[in-house]
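4 protein chains.
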Amino acid sequence: MLFERIESEGLAHYSYIIGEGTEAVVIDPRRDCGIYVDKAKRAGARIALILETHRNEDYVVGSVELASRTGAEIWHTEPELEYGYGRLARDGQVWKFGRLSLQAIHTPGHTPGSMSYLLKTPQGDPWILFSGDTLFAGDVGRVDLPGLDRMEEMAGLLHESLFERIIPLGDDVIVCPAHGAGSVCGSVIQDRPWTTIGIERRLNPKIQHRNREDFIRDVARELERPPYFRMMEKLNLEGPPVLGSLPVPDPVQAGDFAERAGSGLTLDVRSDLAFGAAHVPGSLFIWRSGLPSYAGWFLSYAKPVFLITPGGPPEVVPDLVRLGFDNVAGYLAGGMLAWHMAGKESRAVSMLTVQELCRQLDAKMDRWILDVRSEEELDSDGRIPDAHHIHITLLPGRLGEIPKDCTVYIFCGSGLRSMTAASLLARAGWKDIAVVLGGLAGWTSRTCPLKVTGS
Amino acid sequence: MLFERIESEGLAHYSYIIGEGTEAVVIDPRRDCGIYVDKAKRAGARIALILETHRNEDYVVGSVELASRTGAEIWHTEPELEYGYGRLARDGQVWKFGRLSLQAIHTPGHTPGSMSYLLKTPQGDPWILFSGDTLFAGDVGRVDLPGLDRMEEMAGLLHESLFERIIPLGDDVIVCPAHGAGSVCGSVIQDRPWTTIGIERRLNPKIQHRNREDFIRDVARELERPPYFRMMEKLNLEGPPVLGSLPVPDPVQAGDFAERAGSGLTLDVRSDLAFGAAHVPGSLFIWRSGLPSYAGWFLSYAKPVFLITPGGPPEVVPDLVRLGFDNVAGYLAGGMLAWHMAGKESRAVSMLTVQELCRQLDAKMDRWILDVRSEEELDSDGRIPDAHHIHITLLPGRLGEIPKDCTVYIFCGSGLRSMTAASLLARAGWKDIAVVLGGLAGWTSRTCPLKVTGS
Amino acid sequence: MLFERIESEGLAHYSYIIGEGTEAVVIDPRRDCGIYVDKAKRAGARIALILETHRNEDYVVGSVELASRTGAEIWHTEPELEYGYGRLARDGQVWKFGRLSLQAIHTPGHTPGSMSYLLKTPQGDPWILFSGDTLFAGDVGRVDLPGLDRMEEMAGLLHESLFERIIPLGDDVIVCPAHGAGSVCGSVIQDRPWTTIGIERRLNPKIQHRNREDFIRDVARELERPPYFRMMEKLNLEGPPVLGSLPVPDPVQAGDFAERAGSGLTLDVRSDLAFGAAHVPGSLFIWRSGLPSYAGWFLSYAKPVFLITPGGPPEVVPDLVRLGFDNVAGYLAGGMLAWHMAGKESRAVSMLTVQELCRQLDAKMDRWILDVRSEEELDSDGRIPDAHHIHITLLPGRLGEIPKDCTVYIFCGSGLRSMTAASLLARAGWKDIAVVLGGLAGWTSRTCPLKVTGS
Amino acid sequence: MLFERIESEGLAHYSYIIGEGTEAVVIDPRRDCGIYVDKAKRAGARIALILETHRNEDYVVGSVELASRTGAEIWHTEPELEYGYGRLARDGQVWKFGRLSLQAIHTPGHTPGSMSYLLKTPQGDPWILFSGDTLFAGDVGRVDLPGLDRMEEMAGLLHESLFERIIPLGDDVIVCPAHGAGSVCGSVIQDRPWTTIGIERRLNPKIQHRNREDFIRDVARELERPPYFRMMEKLNLEGPPVLGSLPVPDPVQAGDFAERAGSGLTLDVRSDLAFGAAHVPGSLFIWRSGLPSYAGWFLSYAKPVFLITPGGPPEVVPDLVRLGFDNVAGYLAGGMLAWHMAGKESRAVSMLTVQELCRQLDAKMDRWILDVRSEEELDSDGRIPDAHHIHITLLPGRLGEIPKDCTVYIFCGSGLRSMTAASLLARAGWKDIAVVLGGLAGWTSRTCPLKVTGS
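Chains as they are written, first to last, in the working numbering: chain A, 1 to 455; chain B, 1 to 455; chain C, 1 to 455; chain D, 1 to 455.
It is possible that some hints are incorrect.
Remember, identical chains collapse to one label, so a pair may be satisfied in a single copy or spanning two.
Simulated crosslink set (DSS-like; lysine-lysine; CA at most 30 angstroms straight-line) [stated by the list, open to error]:
1) Lys-120 with Lys-206
2) Lys-404 with Lys-234
3) Lys-303 with Lys-404
4) Lys-234 with Lys-303
These are calculated hints, taken from the structure and not from any lab test.
Fair warning: this is a prediction, and the values are worked out from it, not measured in the lab.
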C-alpha cells in the first residue's frame, strides 16, 4: 500500500497520496506536482483521482496541473460555485481503488461545501479521516471566510460537522488534516504530526465545548485575511494556468539590475542580519521560511518579482509559485557581493541587541517603540509598556501613525518580522529605524528597565 | 566557467553546455532537457543560446523544448531547408558570452549546412572545436544521407572541411564531437572520450588519406538508414511537439493487458534470457541498452507502445521520447510474474549454449543457421560456414527466405540481437527457432565442428 | 518535530527516529544507519539515544554501528542476558528530549524483556506507542523463541502485556510496531501502515479473545525458526562488528569466476525467468525481494558470497548486511551475457505455464508434484491433490523424499519459491525438474484436471 | 571507458578516476572518498590502483582512506621520504588495466619525486598526461617547498621535466593537472578546464622561456606557505587516520554554546554581511568558499572547532576534513537568531560602501587604511595611496603595526578578506574598524578622492 503525506514547508500544507494495486488518489495536491507523479510511478500506480477537501484560499491547488500530466479525474466540493474544471463530489460518494475505498463526508463550516474523506480498510472499517480544514491537531477551521454575515451560520455548521459527523466515527480513527503547525489557516495548530479523533477529543481546546452556543462564541471570530486570498479563490475556482515546469528566473548582472528590476518589486530573501547590514535600496525583506506566510501580504500579482538571494540562484521559486506568483523574473547575479564590487550603493538598517537597547533607552528620550506582533501574541506573551502596536500585516495602511523625527525601535517576537517592517518603513522614506535583535524573546531573557506586562 | 558534456547513453549522443558569467550556450540539446536547465541554474547562468551543428537524423533535437523553458535563441544550419523555428547561422558568425566566444565554421559533408563551432579562449585563441557529426574520435561523418546522387559531392565537401578548415586549426585544439562510441552515426567511433585534432590526425584511419580521391573512395559509401530517420528529419525541421514533462505510461493489470495493448505494439525490454524463458505472445524484444539503436527500426509512430519491464515502472521512456516515440501508453503491472499468476499463457524461445549447439549440430541434419550480424562484423570477426546472413535490420523484409520446416539457429555477436530476431520470427509465425547464447563471441571461445572463416 | 518511520523493505522492518529541539532518539536502528544520521542532521538534532524494543532475532540491530558514529547512548532490554554493549532499560524509565518524553513499558511475551516505549505529548498525554514485536497491525508477537518449554509462560505474559498494559492506554493511542506486512516475525501482519490501539481492538484477530486461556491456546504455537536466527541472537547480544561503510564486492570476469567463487557460494538474484533460462551451474537462486526472508535459510556465514546480478553491480549488499552476511566478496562482471560470450557452459530449468502443465499432466504418467508452500498457505489457499508437500525451508533436510527418476513439477504460490527449490534440487543433482509459472495463483485462474481442494 | 575528473571546489583540487573493463585507477584521491567508490561501482569496476603524483602539501590525500575501503594498491613518489603506507613508483613503471595503460614519467621540480602519469590509448599512443603539480593551465608548480636552499635546483629540474620530458610528448596530448583556477598551488592558474600540451605551449606564460636561466629566474620564487602545510606533509607521509565516515558535529543550544565552545575556536562561515551585522564575540570569520584557502592559516589543529552557520547544520565538514581538521565538534543550533532570542550579546563590525567612504574620507582626518591584498594583487590591480599593506595571511604576526586609536578602514579585493581581517582584529581587541564593502573592485568603479596607482 502507498500512503504518504507530502508537506509543503512554510505553508505547512499537507497533501496525501494513497494507493493500492495500480491506482492512486491524491488529496489536495500542490502545484509543483512532480512529487506525486514520481511516488505513484515508483509504487507502480497511476494517479486516477484527485480529491479537493474544499476550495482553498491560502495556496493555489495543483489539481489542474496534476490532471494535465496524469489524466486523473478531479473532484471538488462547493455546490455554490461555478468551477472551471472538475466535477462536484457529493456527500456519501464512494471511490474504490484496489481493496480500499474513500467516502465523502460533508463537513461544512470552514466553507459551505467542505468535504472530509474517510479511508476505509479492506474490511470496510473506518480508518483514516482526511479532514481538510475542518479539524486540525489542536484547532478547527476558521469560519469567517465565507463572509462575516455567515460567520455564525458557518460556526453552527462546523459544530454539527465535528460533533455529529466526525467524532461519532470513533476515537481510534486517525486524523489527517490539510495543515500542520505554522499554517495561516489555524493560529494554534499544534506540532502533532499524527493524531486521532480521540487525541483531539482529549487535547484540542476547541472541541472541549460540546455546547453549541459556547462553541459558536469561541470560533465565530474574524481573523486576518491576506489580500492574496482573493487571487487564490479566483485561481482555485477557474483553474490556474498549467505551468509544465517551474519558471526559471534570469541571473541579472549588478550593472543591469536597477533598470531590469525598476518595473517590478525587489524581494530580498537573505538572512535578516545580512539585509540589515546592506541591501539594494527600495527592496522588501522577507526571510525565506516566512515567505509562504508573508509574500501574500506584501507582493503584488501585477509586478514581476526580482530576488536578492545569498548569492546563488533562488530556491524560493516553488514557494512563490504555490501562491500564484508565477512571474519571478530574475535575481541579482552574485548577490550583494557583486553589487558592492560593481560600486553600487546600498542601504543599511540599524540593529541592536537587547543589551544595547537597555543602554540606549536609559540615555535617550526621543524614541518610539513599534511592536509589530499580532494581538494573539500580545495576549499570550505580554505587552511592552509605551510601545505602539501595529500588526505587521496592517503596517502598509497605518504608516501615517509612525513618526519620522525620532528613532523608531521595532520589536517582534524574534527580530525577523521587525526587519520586514523596517524594509517597509525604509521603502516609504523612514530613515531613523532600529531593529531589536532577538525581539521579545531576547528581551524577556534579560532584566532591563523596559518591562513586559501581562504575559 | 561551466563546461559539461551531457551524454545520452545508448544513443551515445553528446551535447554540451558551456557558460561564462551569467550566460550559457547549449550545443545540440536532447529533448529531455531539464538537465541543462539545472546545470545552468546551479552555475548562476541563463541559457541564452542553442546551437545546432546540423539537422539531426538520429534523434529528436531538444532545441524547441529547451527554448520553451528558457527563452533561448535557437540557431540552425541548413540554408537549403525551411525550418519551422529558429534562425540560420552563417559561416564565421561569432557569439560572445562572458569573456568567451564561439565562432561558426561551415564544415559541410555530413549535411550541406553542417557547422562546427570553435570555442576561443578569453585571449581569442582556438581552444575547443564542437565538431558535430563532421569529425568523431576515430571516424568521420557519413555522407550518404543527403542522397546517393550527392554522395560523392558530399564526400568532397567533407574532405575540404576536414583538411582545409579543421586540421589547420592546430593539433592542440580539443575536439568535442556530437557522438561517442556506440552511435549509429559512425560505425567505428572509438571509445576515446577526449581527443584533439592531433590525436585524430595520428589515429583516425579516415583522415590518413590526404589525397582527395582516396578519401572520397573511402567514405562515399551507402550505410544503413533506419526508417525512423525520416521522422527525425521531419521533426527536426518543423520542430517537435513541446512535452513539458515526460509521458507517464499507465500500469495495466494482466487481466486488461491483452485488450489495452491490442491496438498497439508490445515491446519487451527485459533481459534476453527472461524474454526467452517466457514472454507475452506477439511481443517484440529489444534489450534495454539496445533500444536507442533498434527501436527506430522496429517500432512504428502510428501505434501506441505497451511495455513489458522487469516488473516495475518503465525506465526507458526518455530513450523512446528521444526518438520521437511519445506515445508510450502503458506497461504490464507486476511484469511477467503477474501475467503468470493471472493464469495467462506465455511463449518461450529455445536457447542453447555453444556446448549444446556442438552436440546438436553433430546429431542433427535439418538445420538452418541464420546470422543476423552486419556486413562489417562478418568482415572483421569472420563468417560461419553454411550460415545464411540477413542483417537484423533487414529481417522484416526478408522473412520469406527463412524456412519454417526445420530448426532455425540464430547467431549474432553476443546473443542479444538474436533474441530480437527470434521475437520478429515468432511474431511472424515461426515456431522452431533457437537462439545461440553468447553468439559468435561464445562460439569462438570454443573448439567445435562449426568453424569460423575469414576472421 | 522530527518523526519518521524508516522501512527496510523485504524485512518489512520499521525503525523510527523522533526528535525535538536538538535531540533525537532512534528506536531499533538498522545496521546501514547513514539514513538516521542524515535525517537528524537535516533536522538540526543529534542522535542522543538509541532504544531497542527487544533482543532481535531476525536482523542485526544497528545500535552499535549508529553509536560509533554519533556517540548516542544505547538502551537494551533483556535482564536475563549479558550484553556486550549498552545499558539495561527498566520498566517505567523516562527519557526526556526537548518538550517530549518516552516512557518504557515492560511488555514481555515475545521475549522476557520486551519493552514498548510510549511517546507522550508536551502536556504529558499518551500519544504514540512503539510496540516492538509485541503488537503488530493484525497480529501479535510470536512466543516460541525463548524456548518451547517457556512458550505457554510467554503467551501468558503477552496476554498481560496486551490487556493490562497496552490496551488500557486508550483506543486513541497510535501504535508503531517494529514490523509491517511481509515480515517473518508475524505471518498475518496486515498491510495497515498506520494504526491505533482502538483499530487493533476492532480488527486484530489475536486480541479478540479477552479470555486468557483462549489467547494462550491461540498464540502458543511453534513457528519456523530460520537457522540464521541463532547468529542474529549472538550478534545482537555481543554487538556486531562496526562496518564504517558497506562492503564493496569485486567485479569478477567470467574467465576467473569459477575459480574465485569456488570457495564460496554463488547466489543468483536475477529474475526467476532469467535464472530458469540459463544460470551458472551450482548457483542458488533467490529473487531479489525474497532475499531478506530466504537468505537466512540457505546461505552460510562460513563462506563468502558471490553474486549473479542482471549485469550491473549488486544492489543487494544492504539486504545481506542487515542479516549479518558481511562477506559479499564478488559478482560476475557483465552478468550472464559475459558468461556466455566467454563460452562458458550454463544450465537451465524447465518452466511451464499452467496451460502447458494441463497438457502434460493429461499425457504423462511418471510425474511427481512438489508443493513447497507453507502449512498456513495450504490451509488458506487449498491443497493440490496428489502433491507432495515439503515447505521450501525444510527442503534441504528432506531431499531424500524426492524421486530422481521422473519429472518433478514444483509448485508454490507464484513460481518464485519454486525456482529457489529448483536451484536447491539442481545443486543436489536432480535433472528432471520443472517449475510451474504462476504457481497456485496461476493454476486457480484456470480450469484443469488438477483440482485444488479445501481452499 | 570510465573517465571522470572529480573537483573539490574551493581547493580547486582535481582528482581523476579512469577505468577500463573491471579495473579502475584513482589519481590523487581526496579524503572523503565515497565518490570514487560509487563511480567505480556504477561502472562495474573495482578500484585496483591509487597513484599519487607527489607528496601533497595543501590537502590530506585520501589514499589510505580509499584503500581501506577497496583494497587498492597505493603508489607514492618520493624516494627521499619514509612513507607509512604504500609503495614507491619508479620512473617508467607501467600499470595496465583493461586495454589501457598508465606510465610513470618522473617530472621533478615541484617536489624531488613528482611523477606525471601518461595514459596511453589501446594502440599504445600518448593520450592524456596527468601532470600533478608540475604543469597547470597557465602556470607551473611552485619550487620553493623542498626548501629555499634547493629552490634553484628544483627550478632547474622543473625546466628539464617540462622541456625534455613533457613537451616532447606532443602538442596534441591532453593535460590533466591536479589543480584548477583558484588553487593555492598556483596563483595564476587559468580557468581553462581542459587543455593540451600545445595550448599550454601557446598560452602558458611560464613556458614561453625555453632558456633555462630565464626560466629559473622566473619560477624560483618563494611563495607563501600556510602553517597547515606542515601538518599536511606529516599526514601525507605517515598516512592520516581512517575516518570511515565524516564527523557529525553536535548542535549546541545558545545557552550552552559559550561553555562548550570556550575550549575551542568559534568559526563563523556565514556571509560577510551577516557576520558584520552581528556575531558571537570572539569568533573568527571565513566565508564559506574561502575556507579551503584560509582555514589552514587561521585554524589550529590543537583545538576543536565550533561553527556558526546560517542556521542549519554545517555543510563545510568535508572542506575542513580535507585539510585535516577532523575535530569539528559542534555548531550553534538555530544560528544567530537563536543566539539573540536567548538574549545573548553579539558584536558588530562597521561596514561602509565606497560612496560612504568617499564622504568619510573627505571629513575625517584620523584614519588608517589597511590593505590586506597580496603583493601580486597590488602589482596587477594597483595600490591605494596612503594605505598600509599587510597581506591577510601575515596579519596575526603583524598586529603591532596597526593603531588602536583611530578608525582602521580595511580593504581587500571584494570585501570578503577584509571581514576576515576585521574578525582577527576584533578578537585581538580592536574596536574602531570598518570594512569597505566591494573592496578595490567597488572602489575602482567610482570616482573618488582616493586614487589607485599603478594598475
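We went through each hint and held it up to the structure:
In this assembly of identical chains, the alpha carbons of Lys-120 and Lys-206 lie at most 30 angstroms apart whether taken from the same copy (26 angstroms) or from different copies (21 angstroms). With identical chains, the CA atoms of Lys-404 and Lys-234 are never at most 30 angstroms apart, being 39 angstroms at best within one copy and 63 angstroms at best between copies. Taking the shortest alpha-carbon separations for Lys-303 and Lys-404, only the intra-copy value of 28 angstroms comes in at or below 30 angstroms, while the best inter-copy value is 50 angstroms. Taking identical chains as interchangeable, the C-alpha atoms of Lys-234 and Lys-303 lie at most 30 angstroms apart only when both belong to the same chain, with a minimum of 18 angstroms there against 41 angstroms between chains.
Comparing the model with each numbered hint stated earlier shows that hint 2 is the single one that does not hold.
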